[in-house]
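So the protein sequences, as listed, match chains G and U. Counting in UniProt numbering, the first sequence runs from 1 upward without gaps. Counting in UniProt numbering, the second sequence runs from 1 upward without gaps.
Don't read these hints as lab results, they were simulated from the structure. Quick caveat, the model's predicted, so the values are computed rather than measured. The beta-carbon is built from N, C-alpha and C at its ideal position, and this holds for glycine as well. Warning: the hint list may mix true and false statements.
[To be verified] What follows is a list of derived Cβ distance ranges for each label pair: (1) G:K311 - U:R203: 27 to 37 angstroms; (2) U:V30 - G:N460: 35 to 45 angstroms; (3) G:F380 - U:V30: 23 to 33 angstroms; (4) G:I17 - U:S164: 45 to 55 angstroms; (5) U:S164 - G:E463: 50 to 60 angstroms.
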Amino acid sequence: MAAGVNVCVEALIENKIQEVRVVEKQEGNNEQEIQEIYVQPLSLSENLSKLASKIDFYKDESDEKGKPTSEGEKETEEDKTVATFQPSLWPWDSVRNKLKSAHTEISVLLDVLNIAKEPRYMVLDQVQQTQTESKPTLQLLSKKRALMSAANLLMSGSERLRKSQAETSSKPKTDFHIELLILRQKWRLKKAGNTILGDLSYKSAGSRYWQGGTFEVIKASSLPGESTDNTNKSSLEVVVPSDLEGVAYIQVEIKSVPDSMDLMSAMLKMPSGLGPVPTEAYWQQKLEVAQNVLFCKEIFAQLAREAVQSKSSIPHIVVGNQIITNVFPGIQLSIVLCHSSGKDKDKKPPLSPHKLDHNHVLEHSLHQLLRELHHKNVHFPPPHPVTAMIGVSKKRRLAGSTAMSKRELLEMTESESLLDQIIKQTKHNVLRLRTMQTIDGFAANLSDPQLAAHWSCINNSLEASCRVIITSQGYDLRAWHSFVLQIGVDTIKVITREGKVFILSYEQQELQDFIMWQISQHQISVSQNLARLMGWNILSTSTAVGVGELESSGTASSIVLASPNHDRIIAIKSGPSSGVKIYLQSSQTNGSKIRSILKDSKWQHVGGEFQEVDISKFDGRTFASKLEILMAVLVKSNR
Amino acid sequence: MDSQLQQALKLAPLHEYLLQGSIIDNSLDVLIHRLRGLCDNSENLPEKFQDHEMVFTMKNTSIPQPVYFRVRHSLMHPECWHLRYVGQIEMGDKNRHTLVRSCIDVSTSDNVVQFLNEMGFRLDHEFVVKGYYFHKGRMKVTVSKLFRMLQPGSTENIESISNSYLVELSVMATTGQDSVAEDMKNFSEQLKPLVQLEKIDHRRLQVM
Numbered sequence: 001m002a003a004g005v006n007v008c009v010e011a012l013i014e015n016k017i018q019e020v021r022v023v024e025k026q027e028g029n030n031e032q033e034i035q036e037i038y039v040q041p042l043s044l045s046e047n048l049s050k051l052a053s054k055i056d057f058y059k060d061e062s063d064e065k066g067k068p069t070s071e072g073e074k075e076t077e078e079d080k081t082v083a084t085f086q087p088s089l090w091p092w093d094s095v096r097n098k099l100k101s102a103h104t105e106i107s108v109l110l111d112v113l114n115i116a117k118e119p120r121y122m123v124l125d126q127v128q129q130t131q132t133e134s135k136p137t138l139q140l141l142s143k144k145r146a147l148m149s150a151a152n153l154l155m156s157g158s159e160r161l162r163k164s165q166a167e168t169s170s171k172p173k174t175d176f177h178i179e180l181l182i183l184r185q186k187w188r189l190k191k192a193g194n195t196i197l198g199d200l201s202y203k204s205a206g207s208r209y210w211q212g213g214t215f216e217v218i219k220a221s222s223l224p225g226e227s228t229d230n231t232n233k234s235s236l237e238v239v240v241p242s243d244l245e246g247v248a249y250i251q252v253e254i255k256s257v258p259d260s261m262d263l264m265s266a267m268l269k270m271p272s273g274l275g276p277v278p279t280e281a282y283w284q285q286k287l288e289v290a291q292n293v294l295f296c297k298e299i300f301a302q303l304a305r306e307a308v309q310s311k312s313s314i315p316h317i318v319v320g321n322q323i324i325t326n327v328f329p330g331i332q333l334s335i336v337l338c339h340s341s342g343k344d345k346d347k348k349p350p351l352s353p354h355k356l357d358h359n360h361v362l363e364h365s366l367h368q369l370l371r372e373l374h375h376k377n378v379h380f381p382p383p384h385p386v387t388a389m390i391g392v393s394k395k396r397r398l399a400g401s402t403a404m405s406k407r408e409l410l411e412m413t414e415s416e417s418l419l420d421q422i423i424k425q426t427k428h429n430v431l432r433l434r435t436m437q438t439i440d441g442f443a444a445n446l447s448d449p450q451l452a453a454h455w456s457c458i459n460n461s462l463e464a465s466c467r468v469i470i471t472s473q474g475y476d477l478r479a480w481h482s483f484v485l486q487i488g489v490d491t492i493k494v495i496t497r498e499g500k501v502f503i504l505s506y507e508q509q510e511l512q513d514f515i516m517w518q519i520s521q522h523q524i525s526v527s528q529n530l531a532r533l534m535g536w537n538i539l540s541t542s543t544a545v546g547v548g549e550l551e552s553s554g555t556a557s558s559i560v561l562a563s564p565n566h567d568r569i570i571a572i573k574s575g576p577s578s579g580v581k582i583y584l585q586s587s588q589t590n591g592s593k594i595r596s597i598l599k600d601s602k603w604q605h606v607g608g609e610f611q612e613v614d615i616s617k618f619d620g621r622t623f624a625s626k627l628e629i630l631m632a633v634l635v636k637s638n639r
Numbered sequence: 001m002d003s004q005l006q007q008a009l010k011l012a013p014l015h016e017y018l019l020q021g022s023i024i025d026n027s028l029d030v031l032i033h034r035l036r037g038l039c040d041n042s043e044n045l046p047e048k049f050q051d052h053e054m055v056f057t058m059k060n061t062s063i064p065q066p067v068y069f070r071v072r073h074s075l076m077h078p079e080c081w082h083l084r085y086v087g088q089i090e091m092g093d094k095n096r097h098t099l100v101r102s103c104i105d106v107s108t109s110d111n112v113v114q115f116l117n118e119m120g121f122r123l124d125h126e127f128v129v130k131g132y133y134f135h136k137g138r139m140k141v142t143v144s145k146l147f148r149m150l151q152p153g154s155t156e157n158i159e160s161i162s163n164s165y166l167v168e169l170s171v172m173a174t175t176g177q178d179s180v181a182e183d184m185k186n187f188s189e190q191l192k193p194l195v196q197l198e199k200i201d202h203r204r205l206q207v208m
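Take the sequences, apply the hints, and build the full model.
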């Protein structure tokens, strides 16, 4: 390659341009010119300080030092702190500090060197390393002991670890804190001081019962010795208040009064199945039972308060843990709060095998009613518009603007008490049961005609309905009679096929009479149907016969039929209590002369006597088949 | 005045304790979730509402301070109308945690607008509010968005005013129930840092 060319490197003589301005020319004829403004060059001292500020002293030092002494490190640290605290004091400050500390170190070094060189005041001696005389056996022993103690420590540690490992693997849920976490997910807990308190009351669900349900959570203190049967024992225990211990339930009974007159009969029976809760029960079960106790107590307290306050004509009796009220004459409703504290271990066995005649349905609906009450306490209808008052129903909000009357407003405030609701349900329950019994009794005893009841599956706790169909065997499709029963709280509404409506009271006899009457009517309608089928003529019908012996209830009905050629007439009378009777008009030909004036033989029967036909002598299983035979015979014998 | 009426007015809640805050649209779901957990009836979906508010005023030379009446009716239940008078806001000192203002609420029929017009009130402004409503005991929490009405009187044609939701915590109470403010403060603490409910000085907002 050719020889290198010398290149001269030097700073530009030109200054940096700071800004460019557009200004109007001095002459002022709207022309503009461009001016450049330069940065003034730095003076020599300014340049020096600028360059000096760029030097990084710390970096150089640490690079060159290699292994700094501890003193040096300390110093640099101190310097750093000084420098960081006052970085902008003066650009040369750090340099000065460095130099100063270097100077100090050099002076110290010089002093040491002086002392070493001139041993006038002080002599540097070699330090004697005291050689300890070591006995190898002793050393060995002490080492062994030390190793032994270390080994023991490690062994006991590993033992403990192994134990805890085994515990966690065998019972994964016995950790107190994990259980506390599970408890916390299911129940309301809070920490008060050193204790953990929980709340099992229904207050957060809308209950306003005065009694609280605070329980305490403690750590189970199980000793490691008694670990034989604690496979399902938890490391967490709950302490429920003493008045919520044990088992409680509400027992509802409907009794007819003559059976059990004594008021105290209910103070008693604790089914053996529901004994005290075992003390070592799992906390979840324990809390649930305690919560149930609280709930039952609230139901009873609410009912008792309402029973005392109610102004009904029939007073309710509250005795101890029992509320007695009359539902219908002769029928009593008793609601009992059974609560066994679970403490009296020497509890006598139940005197008699517990009668299972209590009403599960009503017990359940009591629980349901209280829950509904709770729900109502918390769930307010939302305000619309949103600025309106909360806790007020929409109807009430509109009450002012729609100018409701005082009566309407009072109606709105009325709410049915728990006791009234349960009494209503009881009444319906009793009434439905009685109706069922009545219909079933008829259906079982009657063979002619037959009764079939169809209960509607759509019902509620205050209303049920049933359709009763009356048929005659063998003629089911041709002739049937039906009516509908609507069972309410204390009345039964009956709608017959023709659309007539009857209201019956709770007395069983009324329904019986009605059904009997319907049966008697059914027989007439069967006869009517048969007559049409066989070509007989219907001369007259009557649903309420005014003559003849009086029926015990209802009225008899009748029908008069004439044979197809009008020579025979039969009359049928059917009464609720007297039953069905058939009368045949006897012809006057028997035993008397033929009246020659009569042109046609059919006139011979006019004015003839009616004689009763003994239908029990006929073949056939039902009245309808017997009647059919009779009619057929009458027609045939005439030919 | 009738003594019974006086008694009733004494018992009527006439003071509203109020805390306000605001969140941007994106964080609405988080706040709703939190509120559902804190408030009553968490098993139900949050109750929605949609109201139309009209503010009427009487301006007169004889009245130095204009009187404002707020007519609000629900767009979801069109028969529910409501007239509200809101008094001056008391900021109170540091010891009181909430704003307090006197409030008179009246349920009205739907011809209240006509009535106000005939009395000489004129419509000042109107807007639509949509949002969610929660309650915890007697505390009422609303998370709502304000909409400007593009055509006067038409609640269909609306446009949101901002990209945020207004959060209000309020309780209606009778005089001297300052424990309410304490409860509200505790509740608002539970909502931090999702939303910062504060005493907001409206006079300062008006100056801005």
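The hints, checked one at a time:
Separation of G:K311 from U:R203 is about 57 angstroms and departs from the stated range, judged on CB atoms against 27 to 37 angstroms. One distance hint, 35 to 45 angstroms for the beta-carbon pair U:V30 and G:N460, holds here, with the actual separation near 43 angstroms. Range check, G:F380 to U:V30: about 26 angstroms between beta-carbon atoms, so the 23 to 33 angstroms window is met. In this structure the supplied range 45 to 55 angstroms holds for G:I17 paired with U:S164, their Cβ-Cβ distance being about 49 angstroms.
Checking the proposed 50 to 60 angstroms range against U:S164 and G:E463 shows it holds: the Cβ atoms sit about 53 angstroms from each other.
Violated hints amount to a single one, hint 1; each of the other numbered hints is respected by the structure.
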